[in-house]
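A.B. asks: Just so you know, the protein sequences line up as chains A and B, in that order. Position 351 of the first sequence, counting from 1, maps to 351 under this note's numbering, and the rest follow consecutively. Position 161 of the second sequence, counting from 1, maps to 161 under this note's numbering, and the rest follow consecutively.
A few of these clues could be false.
[To be verified] Computed list of lysine-lysine pairs in BS3-like fashion (alpha-carbon distance at most 25 Å, straight line):
id, chain 1, residue 1, chain 2, residue 2
1, A, Lys-591, A, Lys-471
2, A, Lys-111, B, Lys-25
3, A, Lys-227, A, Lys-95
4, A, Lys-113, B, Lys-25
Calculated from the structure, these hints are not laboratory results.
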Amino acid sequence: MSAHAKTRIVGSPVPRKEGVDKLLGRARYVDDIEREGMWHGATVRSAIPRGLIRSIGFDRNIDWSEFAIVTAADIPGHNHIQLIFADQPCLADGKVNHCDEAVILLAHPNKHKVREAAAAVRIEYEPMPPVFTIEESERQDVIVWGADNVLKSFLLEKGDVDSAWVGAAHIVEGEYRTGAQEHLYIENNGVIAEYSADGGVTIWGSLQCPYYVHKSLLAVFDLPEDKVRVIQTETGGAFGGKEDYPSILAAHAALLAMKSGHPVKMVYDRMEDLAATTKRHPSRVRHRTALDGNGKLLAMDIEIATDGGAYSTLSSTVLSRATLHSPGPYVCPNVRVRSRAWATNIAPYGAFRGFGAPQAVFAIERHMDEIAAAIGIDPIELRRRNFLHDGDTTATEQVMREPVILDQLLDRALAESGYNGKRARFAKENKTNPVKRGMGIAAFYHGSGFTGSGERNLNSLAGIDVTADGKVRVLVSSTEFGQGTNTVLTQIAAEAIGIDYEDVMMAPPDTGIVPNSGPTVASRTSMVVGRLIERACLQLVALLRKNVGLGETFSREEFFAASERYRATKGEVVSLCRYEAPPGIFWDDQKYRGEAYPAYAWSIHVAQVAVDTVTYSAEVEDFWAAQEAGRVLNPVLAGGQIEGGVAQGIGYALYEKVLLQDGHMVNNQMTNYIMPTAEDVPPIHVYFVEIPFSHGGYGAKGIGELPHDGPAPAILNAIRDAVGISFTSIPLLPEDLFAKLAVRTGVEEVAAV
Amino acid sequence: MNAGWPAIEFVVNGETRNVHVPPMKRLLDVLREDLHLTGSKEGCGEGECGSCSVRMNGELVNSCLVPVLQAQGACIQTVEGLACDGELHPLQQAFLHCGGAQCGICTPGMLMAAAQLLANNPRPTVAEIREGLAGNLCRCTGFKRIFDSVLSAAAQTEIPMASETHAR
Ligand code: FES
Ligand code: FES
Chain A
1 MSAHAKTRIV GSPVPRKEGV DKLLGRARYV DDIEREGMWH GATVRSAIPR GLIRSIGFDR
61 NIDWSEFAIV TAADIPGHNH IQLIFADQPC LADGKVNHCD EAVILLAHPN KHKVREAAAA
121 VRIEYEPMPP VFTIEESERQ DVIVWGADNV LKSFLLEKGD VDSAWVGAAH IVEGEYRTGA
181 QEHLYIENNG VIAEYSADGG VTIWGSLQCP YYVHKSLLAV FDLPEDKVRV IQTETGGAFG
241 GKEDYPSILA AHAALLAMKS GHPVKMVYDR MEDLAATTKR HPSRVRHRTA LDGNGKLLAM
301 DIEIATDGGA YSTLSSTVLS RATLHSPGPY VCPNVRVRSR AWATNIAPYG AFRGFGAPQA
361 VFAIERHMDE IAAAIGIDPI ELRRRNFLHD GDTTATEQVM REPVILDQLL DRALAESGYN
421 GKRARFAKEN KTNPVKRGMG IAAFYHGSGF TGSGERNLNS LAGIDVTADG KVRVLVSSTE
481 FGQGTNTVLT QIAAEAIGID YEDVMMAPPD TGIVPNSGPT VASRTSMVVG RLIERACLQL
541 VALLRKNVGL GETFSREEFF AASERYRATK GEVVSLCRYE APPGIFWDDQ KYRGEAYPAY
601 AWSIHVAQVA VDTVTYSAEV EDFWAAQEAG RVLNPVLAGG QIEGGVAQGI GYALYEKVLL
661 QDGHMVNNQM TNYIMPTAED VPPIHVYFVE IPFSHGGYGA KGIGELPHDG PAPAILNAIR
721 DAVGISFTSI PLLPEDLFAK LAVRTGVEEV AAV
Chain B
1 MNAGWPAIEF VVNGETRNVH VPPMKRLLDV LREDLHLTGS KEGCGEGECG SCSVRMNGEL
61 VNSCLVPVLQ AQGACIQTVE GLACDGELHP LQQAFLHCGG AQCGICTPGM LMAAAQLLAN
121 NPRPTVAEIR EGLAGNLCRC TGFKRIFDSV LSAAAQTEIP MASETHAR
């Protein structure tokens with residue numbers, strides 16, 4: 001099997017495929033592109049969280065005849081942007097459900113004039129009572145969505161939780177909370193749209209999923225498939241934030257293009273992007289856990305609540321992943337997870353790297369340390385006694401058929417970090433030092449690919465072709481936004497055919513050219529799409545052998561010569577493959593039972609933290625990440641994924657707070673929404689243990705989201721180790737540290753200033 | 001367009017340029033819109049992210065905060081002026097091989113900040129690199145491979161960093 005074979009290109013640190021263009025400053029991001037006669041669009045947004053639109057007034061000092069003006073009435077098809085349910089309007093029609101909801105669109109040849117004009121539109125409302133928190137939504141005094149404010153709920157049950165409490169030696173309860181998090185890609189959302197009555201809609205944009213945008217536009221414009229074309233431009237970061245939102249933005253720009261008769265560019269500025277686009281779902285997770293006298297888990301009763309915001313968007317699938325990651329990498333005979341996503345009048349929350357798992361992992365991994373403290377066991381030992389191993393079953397009764405090497409990863413992470421020695425040393429030093437140091441860990445998995453039956457439903461198609469000028473092109477709608485899609489897929493193709501890395505390029509990410517290989521999400525690209533490319537290449541080689549006499553062994557010249565013979569006699573040289581599920585897998589969507597994911601990546605994080613008890617600041621001084629994510633296709637890119645994810649996880653834990661006032665984000669600038677800088681991110685030590693996965697591209701599993709799951713619990717566990725106080729909520733800012741630490745040390749309130 | 005405005009003249013990447021634009025127009029917009037040098041990026045428009053960083057008269061500036069008026073007579077280097085005769089600059093080489101660029105949107109500004117750092121301090125320590133790049137945000141890399149890139153470029157080069165005025 002290829003996964004175990006020696007490879008030339010897969011596994012080597014070839015430079016990023018589009019790297020030179022990026023380094024020369026000639027990569028074309030959407031705002032770098034101009035179209036002939038292009039106008040600029042702007043959005044008039046709701047100023048209130050919930051209410052009826054009474055009237056819309058246009059300032060008389062502006063000559064509105066110069067502008068294209070679009071309202072919901074101009075939409076030729078359906079006024080909704082559908083991801084899973086069709087509840088979110090493309091433009092508010094008579095009613096708004098969150099602040100910064102799009103109501104009216106304007107376009108004008110001058111970018112500054114259109115922004116001024118947008119500010120001069122007055123909307124009068126009849127306010128309705130809003131709901132801002134999970135708790136308010138749960139109370140159901142005010143119903144803002146459906147019959148009961150519940151966007152989605154799941155129940156996962158294994159064994160019999162209710163009868164497990166009686167015989168338990170210990171029962172430990174805890175509640176854990178996580179806040180919203182902004183993606184803060186450095187390139188804001190942006191698109192350019194063109195429209196013609198004959199040609200339909202064409203979109204160029206910064207986006208992750210060309211076919212999601214394609215599908216949304218078909219509905220909004222009521223057009224047949226071949227009349228909508230979506231082209232991804234170079235994309236300056238996404239992290240999930242360009243999974244769903246570009247569908248709305250593309251529809252807006254296309255409506256303006258239709259109305260104005262011009263190409264229209266819409267590129268958000270930072271304040272608009274922060275206020276109006278999606279973020280990570282805030283969560284509250286409650287654990288009730290029973291253990292026997294040896295510290296073995298007997299029962300886990302878990303209740304998850306997320307804030308989904310005003311429309312359902314991707315909340316159901318985020319909740320699903322949170323549900324499936326909530327029991328952690330442990331064996332437990334009795335598990336119950338009850339989870340709900342609640343509607344509020346906040347801009348909808350959406351996809352963000354980890355997709356529900358960071359919230360769930362924060363809760364279980366903080367909770368494990370609380371259990372350890374409560375029953376008097378070392379937190380490392382508690383985890384070891386309960387780790388999943390090969391052959392064990394998970395909470396969904398999935399049998400772990402592939403190797404699970406948590407103990408080995410843990411040993412490695414502890415040894416590399418000097419965990420035990422440091423813990424002992426810090427305990428001694430902390431007695432006299434106002435800077436208290438601690439060590440913390442987190443153990444976790446991340447399921448690769450879509451949940452349950454997701455990959456089968458997607459039915460992805462991908463492949464390669466050989467062009468007349470002698471290049472192999474990878475044909476996928478999987479997109480590059482920094483994570484390395486272009487590089488790893490071309491590595492796989494070059495390896496599988498037996499040609500050079502330079503012989504392979506990506507076909508343009510254009511729905512008019514490439515097939516639908518599924519969305520670029522869920523850590524699925526290397527594993528699922530990579531495997532499709534590997535198969536398509538082997539299929540092409542077999543085809544050339546059969547039809548035009550390509551030899552058993554061949555040089556790259558012979559391969560391209562054979563391709564030309566094929567083209568001359570048979571036509572296009574192309575090979576496509578469709579997804580095939582690994583054999584023997586089973587998933588019950590109703591009972592949430594079976595193979596939740598085709599594969600899991602496993603990881604241990606260790607954080608070393610210093611808490612300054614004078615300034616109440618917590619700093620991550622050093623960080624170690626050990627993981628098994630299948631075969632590493634490119635060590636430089638894979639390392640970069642782990643480091644970047646850890647840095648975002650550090651931000652999630654200690655820096656990044658979304659402040660809302662009456663449902664509107666008030667710190668929607670880079671000056672007051674703070675991410676870690678070059679001076680804040682600690683050294684990050686990354687270790688891979690490679691076990692090729694037989695159904696992934698050259699043995700790869702998912703890697704992109706895994707590193708975001710662990711830092712927050714590892715860091716808060718380290719803070720507990722340092723100061724002996726439990727913090728159960730993130731982001732944990734100096735004022736939060738002060739609130740608890742000052743009480744204990746008897747510091748007066750004035751010390752805060 | 002805007003021909004009524006008095007000329008503002010400066011040198012960009014070794015070439016003298018004249019623009020007739022409103023004097024308060026941001027240097028970033030002049031570079032991108034009037035001179036079609038779209039390498040410099042806008043991430044925030046308020047001096048926080050550094051993706052618009054260019055070198056001006058031997059200093060690193062956020063071009064989103066500089067009215068073009070201030071650039072009168074200045075000598076400016078943008079990312080487009082780093083490579084020489086099609087040869088990647090040592091920093092660009094190092095970023096390519098060390099993985100210093102992922103999505104690439106912070107990269108033009110990061111390269112200029114790194115070039116500025118090495119011009120002032122040809123053999124920086126990691127702590128000095130952290131400080132030198134603190135005004136440039138990268139959301140993708142976690143910075144580690146950017147530090148590696150700068151270290152590697154510093155180790156390889158005899159500091160050809162006075163390239164601001166190099167002939168084209
Ligand atoms: S765009 Fe100039 S600093 Fe962010
Ligand atoms: S490489 Fe994406 S922001 Fe730096």
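A.B. asks: Evaluate each hint against the coordinates.
C.D. replies: Tested hints:
1. A:Lys-591 to A:Lys-471: Since the Cα atoms of Lys-591 (chain A) and Lys-471 (chain A) sit roughly 48 Å apart, the hinted pair is violated (cutoff 25 Å).
2. A:Lys-111 to B:Lys-25: With a Cα-Cα distance of about 13 Å, the restraint between Lys-111 (chain A) and Lys-25 (chain B) holds, given a limit of 25 Å.
3. A:Lys-227 to A:Lys-95: Violated, because 31 Å separates the two Cα atoms, which is more than 25 Å.
4. A:Lys-113 to B:Lys-25: Holds: Lys-113 (chain A) and Lys-25 (chain B) sit about 15 Å apart, inside 25 Å.
Hint violations for this structure: numbers 1, 3, all remaining hints satisfied.
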